[in-house]
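A.B. asks: Residue numbers (the working numbering), protein chains in the order written: chain F, 1 to 588; chain P, 1 to 71.
To be clear, the hints were calculated from the coordinates, so they are not data collected in a lab. The structure displayed is predicted, hence computed values, not measured ones. Think of the CB as a built atom: it goes at the ideal place given N, C-alpha and C, for glycine as much as any other residue. Do not rely on the hints blindly, as some may be mistaken.
Unchecked claim - With a straight-line cut-off of 30 Å between C-alpha atoms, the simulated BS3-like cross-links for lysine-lysine are:
hint, chain 1, residue 1, chain 2, residue 2
1, F, LYS177, F, LYS129
2, P, LYS65, F, LYS429
3, F, LYS193, P, LYS65
What the hints assert, rightly or not - Covered by chain F, per the in silico footprint, the following chain P stretches (three or more residues, Cβ under 8 Å):
hint, region
4, 32 to 44
5, 55 to 62
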Amino acid sequence: MKTLLMGNPNVGKSVFFNRLTGANIIESNYPGTTVDYTKGYMRLEGKDIEIIDVPGTFSLEPKDKAEEVAVKMLHESKGSKVMCIIDASKVERGLYLALEIIEQGFPVVIALNMWDVAIDKSIDIDAKKLEQILRIPVVPTVGISGEGISTLASRLGDATPVKVEDIVERTEGIKHKVNTPDERWTLIEGISKEIVTFGEYQHTLKDAIGDFTVKPATGIPFAIAVLYGFWSVFGSFAGFFTDGFLVKIFDEHWLPWLQTVFPGGLGNWLYALIVDVGHLENGVLTASDNCFESFGALSSGLFVPVGVVLPAIFIFYLMLALLEDIGYMPRLAVLIDTVLHKIGLHGYAIVPSILALGCNVPAVGATRILETKKQRFMMMTLLALFIPCGAQIGIMQDVIPGSIGFVMLYLIAGYFIFGYILNKIVPGKTPEILMDVPPYQKPMSRNISRKVWMRTSGFLKVAVPFVILGSLLVNVLYLAGTIDWLGNILAPMFEGWFGVPKETAGPLVAAFLRKDLAVAQLSAIEMTKYQMISAVVLVSIYFPCIATFAMMLREGGKAFLGSLAVLLVVVFTWGGLLHLLWILMGVV
Amino acid sequence: MILTALKSRELARIVAIEGGQGLRQKLLLHGISEGSTVRMVSSNRGPVVLEINGSTIAIGRGMAKKIIVQK
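All chains should be modelled from the sequences, with the hints used to inform the complete structure.
C.D. replies: The following block contains the structure:
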């Protein structure tokens, strides 16, 4: 038997899913985004029951791609049961979805979740009465502490299909049929009159802070402080671990050890691929003394993801998880809404944009929460081009600490300028924002550590093999002379238009696989500070990494061709402009 | 008066939603219905932020202008 977990967005479905399935999650969603379904198994009375966590939806008439997935999932699951999770402080809209699902003939159990929040807000709900009216199991729950969840699961067996006409019959004062949304709302109003009483709502300090951080006059300075704090902690934490410990471990112990035990030696092709390509010093092939210059699959290939990027990724995801769980992201979305409207997006676009700073792949998936095709296309294109991922930022912190601020500003400027232009030429609409702002919550350490663990281990699983593969590939291409050949052919473009050395060809090939590897390889090429900035910007904007590319193809379909066209224009104009800037400043 | 004219911390009751079925449904699904009491959180600049039955909602100014309230 299959059971779907459904409900409005943000009612705590994923919390239920994790509680119900425990460690049995077989297909992992990107945490923090509920745009795709996740399957798991729950053990109940000696049987395994398949549980599917469905993206949140307000109704069965989808308004965005995530809701489409939810509705499609329900239609494909005839014969399943549905656990409908309702936010007890917002019963009416939860009931709307529940009624729609009941009308489709599904057996339903209802969880009145966030029961504690409702009590805090002096909202009193008669759950027994609701159960009598609907004739389906209704259980008050507090997902975060786990209260009521096992009761809910045990009552799954009591769920049977009910007819809406019978519900109407049992609701006082309602006589009509339920065919249209308005008729459904009237029925819900009738039910709610019988079961919900709103008491006097006492505002607390939490509400005051909530108001303070969402009003532009006070909220914007606060947001700037938060983001600045984020950036400072990120830089100092990552720097502390990378420069303080990991660089020493890799350069003073790991690399010399590899150089002594690995068979072959400088000049041997296998040794070059795996350990050290070496470099020419006065015509003599000399061993590298650091993992940036060695280029080997087991030296640079491990040093980049583990030695440099890992601390950066870890601290980024830790702070992101805190911001997400406290409930700050929606407030940020409200504050930035006006600005993002100028580039054809709305405030909610801040969510994929910030996720992209961790990794572009889940960010492309998160564009599903935007309502129109235009918005999704623009968001996908802008983030793939202009938002460097956490791995790239981490390595930039280490190799260009003095210029990283400029690179980031130049990319953000590109995000807004090309967003503005795209908004003018891409047909389609940008709807206004309409979004729940959840109350602030104390983050649960269990949830924070789980999220950080999942995202960080997810990073390692992809990054380590891909960086190693990328190092090998680039090394093979070097040895075969392909990179030099490519560099020579493209030299007029590299040197004349972009103002970077022709050796940049190698890192640009690596950037197909991993941007962090590409920046690491750039650091081994001899060039000026300004050439380095240009080269790093090129690595960011010239093409998304292969994982992002695949995700864009999957999510964007035909629109992806449009993204490619934009990409070509951006690379030549935005990349060339930087060269022009250097010429005007007289630094080249 | 229209919703956007309400100042921060003021209370009012929603008396009408001047829009088609689509807009009404969208607002209802976010808990904004005729007869509800709202408390304005932020109406000066950017999206309007309001509180209904203890829940906070942000809503674009265009939509907010179609909501008629009475103090």
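A.B. asks: For every hint, state whether the structure bears it out.
C.D. replies: Verification of the supplied hints:
In summary, the hint linking LYS177(F) to LYS129(F) is supported, as the alpha carbons are separated by about 21 Å, within the 30 Å threshold. The suggested pairing of LYS65(P) with LYS429(F) holds, with an alpha-carbon distance near 19 Å, which does not exceed 30 Å. Between the alpha carbons of LYS193(F) and LYS65(P) the distance comes to roughly 29 Å, so the proposed pair stays at or under 30 Å and holds. With a cut-off of 8 Å between beta carbons, the region 32 to 44 of chain P has 4 residues touching chain F; three or more are needed, and the interface restraint holds.
Residues of the region 55 to 62 of chain P with a Cβ under 8 Å from some Cβ of chain F number 8, which satisfies the need for three, so the listed coverage holds.
Of the numbered hints listed earlier, not one is contradicted by the structure.
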